[in-house]
Structures are given as C-alpha cells and as structure tokens.
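Trainee: Here is what each chain is made of, one letter per residue.
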Amino acid sequence: MLINLKGKDIICTQELSVPEIRALLQLADQMKKNRYNPQFSSLLKDRTFLMFFYNPSLRTRISFEAAATELGGHAQFLEPKTMRLKKTRGGIEVQAGETIEDAAKVLDRYACGMGIRILETSVDNYGDGNALLREYARWMEAPIINMADDKYHPCQGLSDIMGMQQHKGKLRGRTLLMTWAHGALARSYCSVHENLLISSRLGMNIRLAYPRGYDLPPEEIAKVRKNCSENGSSFDIIHDPDEAYSSDVDFVYSRNWFGPDFYQIGKDKEIARAVAMTDWICTEERMKRTCNGLFLHPMPLDRGKEVTDEVASGTRSIIIDIAENRLHTQKAIMAMTMAGLPVKLETTEG
Amino acid sequence: MLINLKGKDIICTQELSVPEIRALLQLADQMKKNRYNPQFSSLLKDRTFLMFFYNPSLRTRISFEAAATELGGHAQFLEPKTMRLKKTRGGIEVQAGETIEDAAKVLDRYACGMGIRILETSVDNYGDGNALLREYARWMEAPIINMADDKYHPCQGLSDIMGMQQHKGKLRGRTLLMTWAHGALARSYCSVHENLLISSRLGMNIRLAYPRGYDLPPEEIAKVRKNCSENGSSFDIIHDPDEAYSSDVDFVYSRNWFGPDFYQIGKDKEIARAVAMTDWICTEERMKRTCNGLFLHPMPLDRGKEVTDEVASGTRSIIIDIAENRLHTQKAIMAMTMAGLPVKLETTEG
Amino acid sequence: MLINLKGKDIICTQELSVPEIRALLQLADQMKKNRYNPQFSSLLKDRTFLMFFYNPSLRTRISFEAAATELGGHAQFLEPKTMRLKKTRGGIEVQAGETIEDAAKVLDRYACGMGIRILETSVDNYGDGNALLREYARWMEAPIINMADDKYHPCQGLSDIMGMQQHKGKLRGRTLLMTWAHGALARSYCSVHENLLISSRLGMNIRLAYPRGYDLPPEEIAKVRKNCSENGSSFDIIHDPDEAYSSDVDFVYSRNWFGPDFYQIGKDKEIARAVAMTDWICTEERMKRTCNGLFLHPMPLDRGKEVTDEVASGTRSIIIDIAENRLHTQKAIMAMTMAGLPVKLETTEG
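Chains as they are written, first to last, in our numbering: chain R, 12 to 361; chain B, 12 to 361; chain L, 12 to 361.
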C-alpha cells in the first residue's frame with residue numbers, strides 16, 4: 012500500500028486515515044534510525060518552510076527548524092509583530108493591516124509549507140486558533156502544519172505514539188491513563204485531545220481521570236468514544252486520582268488542563284481552583300500499582316504538581332524520547348506533505 | 012554585451028544604467044523559470060547575507076531570506092535592538108554604542124553583502140534613511156542592497172517591471188497611471204518613487220494623479236520628467252480621480268502617500284486629511300474605462316481605501332505575481348552583485 | 012601530536028591544555044586561509060547549533076551564525092523570552108517554567124552543540140552566569156561553548172592571540188599592556204580575564220594598569236601570576252596611566268571595566284566614578300612610547316574614552332582583524348568539539 016500525502020494540510024491526526032498515520036510513523040522511525048542519511052537530507056533542498064508563532068515555544072520551534080535543516084531546507088521564524096496583519100474583534104477592525112487572503116497568497120509563492128502555532132492565550136474564544144489555521148489553509152496550496160493550536164497538536168500525538176511503540180511495541184489492546192493534574196499553569200487542551208484521539212484510533216483502551224467539573228469538550232470526547240467503539244477497546248471516565256492508577260495501565264499521561272468555563276471565569280480563578288487539588292499528581296507509589304507503567308508528557312513539565320521529581324527523572328519516564336520524536340515525526344510530515352515522498356506501508360498494525 | 016555588477020551597491024534603479032537594469036530583469040526571469048536549478052543554487056554557497064531591519068516587513072524579510080537560501084547561502088536577520096549602535100540626534104549622542112564605521116568594517120569581514128530597510132518612521136527627517144544606507148556603503152566593500160528606505164525601493168521597482176512585462180510584453184510606449192489613494196496609513200514614498208523612476212526610464216508614458224497638496228518631492232519628479240523627455244514619452248499630472256483613468260492607460264498603480272508637510276504636521280493630522288478624500292480609490296468601474304488596465308501595488312493592500320475588493324481579488328490584479336517577483340529580482344541582484352555572476356544581455360529592449 | 016576535543020565544553024581557555032589551545036589556533040589559521048574550502052564546509056552538514064543569548068551581541072551572534080553556515084550547518088537563535096524557563100531568585104521560584112535539566116536533556120537530542128551568552132547584567136551575583144553555563148553542561152552531552160559570560164570569553168581570547176600572532180609572529184617573551192580605561196559603560200570582566208589568562212599562558216609578559224580601587228577578582232589574578240611564573244615571564248601592576256606605556260610594550264589593550272564593588276554600589280555610581288578619570292585613555296602620544304605597539308580591543312569600542320579616534324582608526328589598530336578572527340576561531344572550536352575533527356599539531360610554539 013503506497014501512501015502519498017503531497018500537498019495535504021496536517022491539522023489533526025483524526026483527519027488522517029489510519030494507514031496515513033502509520034505511514035508517517037514508519038517514515039519517522041526510519042528517519043530516526045538514519046538521521047543524517049543523504050536519502051533524506053536533500054528532500055527539501057533550498058526550500059523555505061515558514062514557522063509562524065503566535066505563541067512562543069521551545070521544543071516546537073527548535074525541532075521544526077532542525078527538521079527543515081536536516082531535510083536540506085531552511086525554516087524561517089515569523090511572529091505576528093513582524094507581519095502587520097489586519098486584526099478584527101467581533102467583526103470590527105481593531106488594527107489596520109493585510110488580510111489573511113493577501114498574506115497567504117504571497118507566502119504560497121515563497122514557501123514549500125507553513126507551520127502555525129496559536130494557543131488559547133492568543134484568541135478570544137475556544138476554536139478561534141484552529142479556525143485561523145483553516146483560514147490560511149483555504150488560501151494556500153502549500154501544506155499548513157499545525158504546530159499546536161487551541162484544539163489539536165498532531166505532531167505531539169504522533170510523537171507520543173512513536174515513543175510508546177519504542178518502549179512497549181504494539182499498542183493495540185494496551186491501556187493509557189490520561190489523568191488531569193493540579194497546578195498553576197491553566198493548560199490548553201491541544202496535547203491532551205490529540206493524544207486521546209490518536210491513542211484510541213490505534214486501538215488502545217482509554218482511562219480518562221479528572222476531578223468533577225474538568226470535563227473536556229464533549230465533541231472531542233464523542234470522537235474518542237467512537238474511536239474506541241470502532242476498535243472494540245474500552246473507554247472509562249474516573250473521578251478519583253487514586254482509583255485511576257489500575258493494574259492494567261501501561262502508560263500514564265498526567266497533565267493539567269483548564270476547566271470548560273475558563274474563557275468565562277478567566278485565568279486567575281481557574282488557577283485558584285486548580286492549585287488546591289493537590290492530590291491530583293503522578294507519584295511513584297501510584298505508578299507502582301500499574302502494569303510497569305511508563306510516564307509520558309508533552310513537556311514542559313510542571314514538576315511537583317503534575318508529577319513528582321522521582322517519576323519525572325526516573326526510569327519510568329519516556330518524556331525525553333518523546334520530545335526527540337518531535338524532530339522525527341515532523342521530518343516525516345514535511346517529507347511526505349511538502350516533498351511528496353511516498354511511503355510503502357510495511358505493516359497495517361503497530 | 013556582458014554586464015557585471017560585482018561589488019556594486021543597489022540603492023536606487025536610477026543609479027544603474029538601462030542595460031544593467033535589463034540584465035537584472037533578464038536574470039530574474041531565468042531564475043523564475045528555473046527556480047531550483049543547480050546552476051543558481053550554489054552561487055552563494057555557505058555565504059552569509061545580512062538583513063538589517065530598522066522597520067519590520069513581511070514580503071521583504073521572507074523573500075530576501077528565501078533568496079539567500081535558494082542561492083545556497085544563509086540570510087541573518089538583524090534588528091537595531093540587537094546591535095548596540097551609537098545614536099545621535101542633531102549631532103548630539105543620545106545613546107552610547109558603536110559607530111557605523113566600526114560596525115560596518117566588522118560586518119564586511121563576515122558577510123557577502125547586506126540589505127538594509129529603514130522607512131520614514133525610523134528617521135527624523137526625510138532622506139535620513141537613505142543617508143544611513145550610504146554611510147554603511149561608505150565603510151563596506153561588500154554590496155549594500157536597499158530593502159526599502161525613505162526614498163527608494165529598487166527591488167520593488169524591478170519586480171513591478173517584471174510583472175508588467177509578464178502580462179503585457181514590451182513596455183515602451185505603454186501608459187502607467189500612478190494615482191494617490193485615500194486611507195489611514197500615511198504611506199512612504201519609496202515604492203512610488205521607484206516605480207515612477209524605473210517605468211519612465213524604460214520608456215513608459217506616465218500619468219500621475221493626486222489631490223492638490225499631495226505633490227511628490229520635486230527633485231524626484233524632475234528625474235521622472237527627464238526620463239520621459241529622454242525617451243520621448245509623455246508625463247502628465249492630473250488632480251481629478253476620475254479623469255485619471257483615461258482610455259490609454261495600461262496599468263494602474265493606486266497607492267496612498269503622505270503629503271510633503273508630513274514631517275511637520277505629524278501622522279495624526281496627515282491621516283485626518285487623507286481619510287476624508289474617499290473618492291480617491293481604484294474601482295472596477297474606473298478600471299473598465301482603461302485599455303484593459305491591470306492593477307499593481309507593492310502590498311500590503313489597504314482594501315476598501317486604495318482599491319476595492321472587486322479589483323484587488325479580481326482578474327485584473329497582478330499583485331501576487333509582482334510579490335513573487337520580489338524573490339526572483341532579489342536573487343538576481345544578489346547573484347550579480349555578491350557572487351559576481353556576469354549576464355550576457357540578450358536584448359536591449361523590453 | 013594529535014589533538015582531539017570531541018564532546019568537550021569550552022568554558023575558558025585556562026581549562027584547556029596549551030597544546031589544545033595551539034591546535035585550535037592552528038586550525039583557525041587554516042580555516043582563515045581556506046575559508047570556503049570543501050574540506051571544512053561539510054563538517055557540520057545538516058547539524059543544528061543552538062545560540063542562546065541572555066544578552067544581545069553584534070559580533071558574537073553574526074560570527075557564530077556565519078561559522079555554522081560555513082561549516083555546512085545551521086545556527087538557531089534563542090532568547091530567554093522564547094524559552095519559558097523556570098526562574099529562581101535566592102532559591103525562591105519567581106517564574107514558573109521548565110527546569111534546566113528538562114530543557115537541556117531535550118536540546119541535547121536536537122543539537123550538535125550549544126553556545127550561551129550571559130553577562131553580568133543578566134545575573135544577580137558575579138559568577139552566576141558562569142555557573143549557569145556549567146549547569147547546562149552538566150545535563151548535556153553535546154558541547155557547551157561559552158559565547159561570553161560574566162567571567163570568561165574564550166572565543167575572544169583565542170581571537171586576540173590569533174590577531175597578535177598575525178601581526179608580530181611568535182608571542183613568547185613579548186609584552187602586553189592591559190590597561191583600564193575611563194568611560195560610562197561599566198564593562199564586564201570577561202574579555203579582560205580571558206586575554207590575561209591566555210596571553211600569560213602562552214608566555215607573554217603582562218603589564219596590568221588600572222586606578223587604585225579597580226582591582227580585578229583576586230582568584231583570576233592569581234591564575235595569571237601562576238601562568239607567568241610557570242613561563243618565567245614578568246607580571247607587573249601599575250597605577251599610573253602614563254607609566255603604563257613603557258618602551259617594551261608590544262601590544263596595548265585599553266578597556267573599561269567596573270570596580271569590585273559594582274554589584275553593591277550599582278551601575279550609576281560606578282559610572283559616575285569611572286567617567287571622571289579622563290586621563291585613562293589610549294592616545295597616539297602614549298602609543299609612540301611603546302615598541303611599535305599595536306592596539307587591540309574586543310569591540311565595541313568606546314571611542315574618545317577608551318581610545319582616541321586617531322589610534323582606533325589608525326594603522327596601529329588590529330581590532331578589525333581580531334573581530335574577523337572570531338569567525339575563524341569559532342569555526343575551529345565547533346569543528347573540533349562538535350564534528351570531532353582531530354588536529355595534528357605542527358608546532359608547540361607560537
């Protein structure tokens with residue numbers, strides 16, 4: 012089976028077919044094993060990839076820029092302040108400038124693709140970030156890559172899967188515990204959504220644990236339920252931080268996220284509520300109750316709140332491998348969507 | 012005829028000979044047709060090109076950085092805040108730091124060339140930006156490229172010509188309407204000057220339309236008049252936005268610019284005056300009266316003020332092609348001035 | 012003798028052996044003579060070098076980025092604001108964020124090495140900058156290169172030596188005058204320390220001149236004394252700006268630095284004191300009393316305070332050559348530590 016993603020936007024893994032997801036993972040794995048191999052290092056020779064950061068980022072910026080370099084191309088770093096774009100709020104123009112139509116059509120002539128990162132702190136309403144990506148995608152033929160928006164984070168999701176596979180082999184039938192954690196960071200949904208979507212898509216059982224009131228958006232949970240149902244795997248919701256760590260859990264993803272009323276109550280109230288629930292933390296004692304559970308997290312870690320130092324720096328932690336995978340999965344995405352590298356799928360399982 | 016521009020500064024097209032202009036355009040055209048051809052992609056291999064932005068820019072930064080990449084080199088992005096340069100105002104030192112002499116002599120050792128962008132908002136008096144470029148050029152042997160200053164914008168001018176040629180062939184004898192437009196952006200002269208200078212230089216008839224009081228600097232108009240006179244072409248000034256669109260017009264360039272008293276009255280007063288003249292706008296109805304006129308603009312567009320959406324997004328608009336040309340003309344400039352690529356001129360007309 | 016520095020951190024030249032220093036200088040010299048030679052231009056092909064700037068810089072940023080380019084790699088520019096790092100003050104967390112452990116372990120997976128620049132203005136106590144470098148070095152296997160911290164500046168020291176050798180040949184037995192200069196810049200010790208350490212290490216006589224009260228940190232002076240003693244060369248301290256310029260002086264390094272009580276009294280008081288001592292300046296008249304003395308300085312120059320224009324722009328000045336050497340010495344460091352290029356030492360003298 013030959014998979015071709017030339018010209019395709021990568022907004023969320025749920026919008027890819029399972030074979031497409033597997034092709035990206037297979038290529039990423041080859042690229043990790045042959046990191047500076049000439050077969051890959053000319054794929055984007057002399058091409059320009061644009062990275063447009065509405066929100067700053069350590070891993071995302073460095074790994075995408077390195078990915079472009081390792082494919083023979085060059086990544087340009089863009090910020091809104093250098094762009095002079097028109098800004099509207101509720102349909103009213105609040106800053107004169109260029110329309111996305113005009114900017115995007117020009118960028119399309121210069122670049123082989125563009126990544127965009129826009130989190131909840133840069134938008135007024137949940138979903139506006141994701142909508143902005145789709146607005147760029149509308150006007151550009153070159154692929155738009157989601158470098159994390161307010162809803163999804165496909166590169167992180169692919170890297171999570173790659174890391175879990177590296178450490179425990181086939182994932183079908185394995186169990187992932189996604190648990191809320193306390194902390195003062197009022198974190199976005201994107202990495203959590205993406206992990207739940209792609210893990211359930213590939214046949215994993217999902218345990219979702221969070222305090223009452225911290226429900227994730229119902230439309231995303233509906234997709235996760237449907238993925239599980241189609242795979243015949245289980246989907247459970249638990250509201251107790253201890254009970255969450257059951258003996259069948261293979262992977263633990265402990266992460267803070269804000270409540271559904273975040274955009275109404277604001278950051279300060281959200282944080283006041285979230286820091287108080289100190290029992291929601293991943294500890295070594297809890298990890299011991301799982302099935303040799305491994306700890307994953309998209310980083311940056313909020314140590315002492317999302318997870319103890321003992322777990323984070325211990326042998327159960329695969330977070331650095333997953334962070335490294337960002338490079339490889341992003342190279343795979345760029346190679347397939349921008350250079351049009353086709354991938355012959357070797358296996359439909361994994 | 013072999014044209015060689017090795018080591019030459021590119022400050023304004025008026026300071027180049029017509030064969031030199033034609034050589035740049037010819038090379039840019041070849042580069043557009045063979046964008047990633049190996050014959051071009053090693054010209055600046057491993058060389059560093061510096062881009063010094065006193066003012067931010069979308070097209071200029073991305074297109075120059077991409078140009079360096081496509082020639083095998085690397086462009087570095089510099090801003091004044093990272094430079095620790097000495098600042099003087101009226102001869103008085105207002106910020107301690109390095110002199111341009113010292114900075115330029117060092118940059119000369121690292122780089123194959125340097126682009127500078129400095130608009131009217133970064134200087135106290137009209138012409139100071141252009142003077143700063145010439146000060147750098149004085150101390151550096153490597154070529155200085157004007158990436159837009161308060162007077163000129165040679166890369167834009169070359170790209171305008173290239174776009175007009177692509178859509179209507181030979182330009183000699185064709186008519187360009189350069190018309191002022193209303194709006195709240197109090198725009199600089201550089202793109203307007205450059206277009207008038209290079210269009211008249213290459214034998215086009217010029218119609219210049221603007222409201223009374225919006226005269227362009229007399230010394231630049233004198234050069235345009237002289238260019239027309241030497242080519243036997245016409246030069247007219249019109250003060251009526253309707254009359255401007257005559258049946259012989261092949262191209263329409265509609266753009267806001269500030270009045271000659273801008274540095275005295277300030278931005279707020281300039282804008283208050285300019286937004287009121289709403290009849291100065293390029294519309295489809297007016298375009299229909301021209302000779303299948305095409306719309307050009309250096310972008311970013313001020314839609315609804317300089318031009319209607321109907322014209323801007325319609326089939327008469329060649330603005331995206333012109334924006335793309337920025338890449339090609341800049342590659343041609345860099346190849347000729349920095350890599351010393353000689354060009355055998357194929358035609359002296361165009 | 013084959014010198015191999017693969018994987019080694021470069022924090023201060025004093026921590027290298029003399030043969031290691033000579034190997035770097037020998038390679039830098041070859042790289043200067045064969046700047047774009049293919050033997051060097053693939054050493055870091057497709058590799059990512061990270062430049063982390065707590066303090067901005069002209070020469071350092073441009074020369075390191077160019078060095079990476081000329082070795083076939085790519086340098087990424089990072090600033091603290093883009094990093095979301097945890098910040099502590101006196102052990103108290105003042106900004107939530109990622110630990111250096113977590114950040115460094117991830118960067119290690121992406122990059123072939125990292126340069127860090129952190130001067131006294133970014134830290135609360137003398138030495139904190141240097142300690143931060145060593146903290147990164149603790150968690151990363153890839154080499155950490157000191158791009159100037161609050162104590163040392165190895166790339167500058169190597170470039171100084173290279174420049175002096177280019178102009179006067181062997182340095183053993185030659186005399187360097189390092190003299191304090193007045194001015195309003197309250198400058199750091201790093202370049203001064205490094206020059207004193209490496210010059211004395213390589214057998215030069217040291218004359219150190221400064222006004223009473225401007226002692227350099229005693230632990231660094233002790234190292235310089237020891238270096239001189241081991242080489243049988245002289246070390247003198249003078250407190251008179253005139254007497255400093257003796258007839259045996261081959262090189263004059265005139266530079267402002269702040270007093271030992273700087274962190275206590277603050278910048279304003281330091282400057283008030285330092286600007287008053289106008290007799291501490293390098294002049295042509297004083298240079299004439301030396302042994303055809305050459306002027307060196309790490310730049311940026313404080314003209315009219317550290318040195319007169321006559322000397323700075325005159326034939327005795329080798330500052331531009333030294334600035335250029337930054338490129339070559341940094342390429343040598345990167346080639347040896349990151350690409351693991353071994354160097355066969357041709358001479359143990361120089």
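Honestly, the hints are just simulated from the structure, not real lab data.
It cannot be assumed that every hint is accurate.
Since the list gives no way to pick out one identical chain from another, each pair is judged satisfied if it fits inside one copy or across any two copies.
[Said to hold, decoys possible] In silico DMTMM-like links for lysine to aspartate or glutamate, alpha-carbon gap of 25 Å or less:
#1 Lys-179 - Asp-40
#2 Lys-92 - Asp-135
#3 Lys-97 - Asp-290
#4 Lys-44 - Asp-253
#5 Lys-116 - Asp-247
#6 Lys-181 - Asp-332
#7 Lys-97 - Asp-320
#8 Lys-355 - Asp-251
#9 Lys-19 - Asp-332
#10 Lys-116 - Glu-295
#11 Lys-19 - Asp-320
#12 Lys-179 - Glu-357
#13 Lys-43 - Asp-135
#14 Lys-234 - Asp-320
#15 Lys-116 - Asp-40
#16 Lys-234 - Asp-272
#17 Lys-116 - Asp-332
#18 Lys-56 - Asp-40
#19 Lys-97 - Asp-332
#20 Lys-97 - Asp-279
#21 Lys-278 - Asp-139
#22 Lys-44 - Glu-31
#23 Lys-92 - Asp-119
#24 Lys-179 - Asp-119
#25 Lys-43 - Asp-259
#26 Lys-179 - Asp-320
Trainee: Hint by hint, note whether the structure agrees.
Mentor: Now for the hints, and whether the structure bears them out:
1. Lys-179 - Asp-40: Within one copy only: 15 Å inside a chain, 51 Å across chains, cut-off 25 Å.
2. Lys-92 - Asp-135: Close inside one copy (18 Å) and across copies (23 Å); limit 25 Å.
3. Lys-97 - Asp-290: For Lys-97 and Asp-290, the Cα distance is within 25 Å only across copies (23 Å; inside one copy 45 Å).
4. Lys-44 - Asp-253: neither (39 Å within a copy, 65 Å between copies)
5. Lys-116 - Asp-247: neither (45 Å within a copy, 34 Å between copies)
6. Lys-181 - Asp-332: For Lys-181 and Asp-332, the Cα distance is within 25 Å only inside one copy (17 Å; across copies 50 Å).
7. Lys-97 - Asp-320: For Lys-97 and Asp-320, only the inter-copy Cα distance (15 Å) is at most 25 Å; the intra-copy one is 45 Å.
8. Lys-355 - Asp-251: Result: close neither inside a copy nor across copies, 44 Å intra and 65 Å inter.
9. Lys-19 - Asp-332: For Lys-19 and Asp-332, only the inter-copy Cα distance (24 Å) is at most 25 Å; the intra-copy one is 27 Å.
10. Lys-116 - Glu-295: The answer is between: 21 Å across copies meets 25 Å, while 52 Å in one copy does not.
11. Lys-19 - Asp-320: neither (40 Å within a copy, 29 Å between copies)
12. Lys-179 - Glu-357: within (19 Å within a copy, 53 Å between copies)
13. Lys-43 - Asp-135: neither (39 Å within a copy, 41 Å between copies)
14. Lys-234 - Asp-320: Intra 34 Å, inter 40 Å, cutoff 25 Å: neither.
15. Lys-116 - Asp-40: Between copies only: 20 Å across, 34 Å inside.
16. Lys-234 - Asp-272: within (21 Å within a copy, 62 Å between copies)
17. Lys-116 - Asp-332: between (37 Å within a copy, 10 Å between copies)
18. Lys-56 - Asp-40: For Lys-56 and Asp-40, both the intra-copy (21 Å) and inter-copy (21 Å) Cα distances are at most 25 Å.
19. Lys-97 - Asp-332: between (40 Å within a copy, 22 Å between copies)
20. Lys-97 - Asp-279: between (30 Å within a copy, 19 Å between copies)
21. Lys-278 - Asp-139: within (18 Å within a copy, 33 Å between copies)
22. Lys-44 - Glu-31: Result: close within a single copy only, 20 Å intra versus 34 Å inter.
23. Lys-92 - Asp-119: within (20 Å within a copy, 29 Å between copies)
24. Lys-179 - Asp-119: Cα proximity of Lys-179 and Asp-119: across copies only (24 Å, versus 41 Å in one copy).
25. Lys-43 - Asp-259: The answer is neither: 30 Å in one copy and 60 Å across copies each exceed 25 Å.
26. Lys-179 - Asp-320: Cα proximity of Lys-179 and Asp-320: one copy only (23 Å, versus 56 Å across).
Hint check: violations occur at hints 4, 5, 8, 11, 13, 14, 25; the rest are consistent with the structure.
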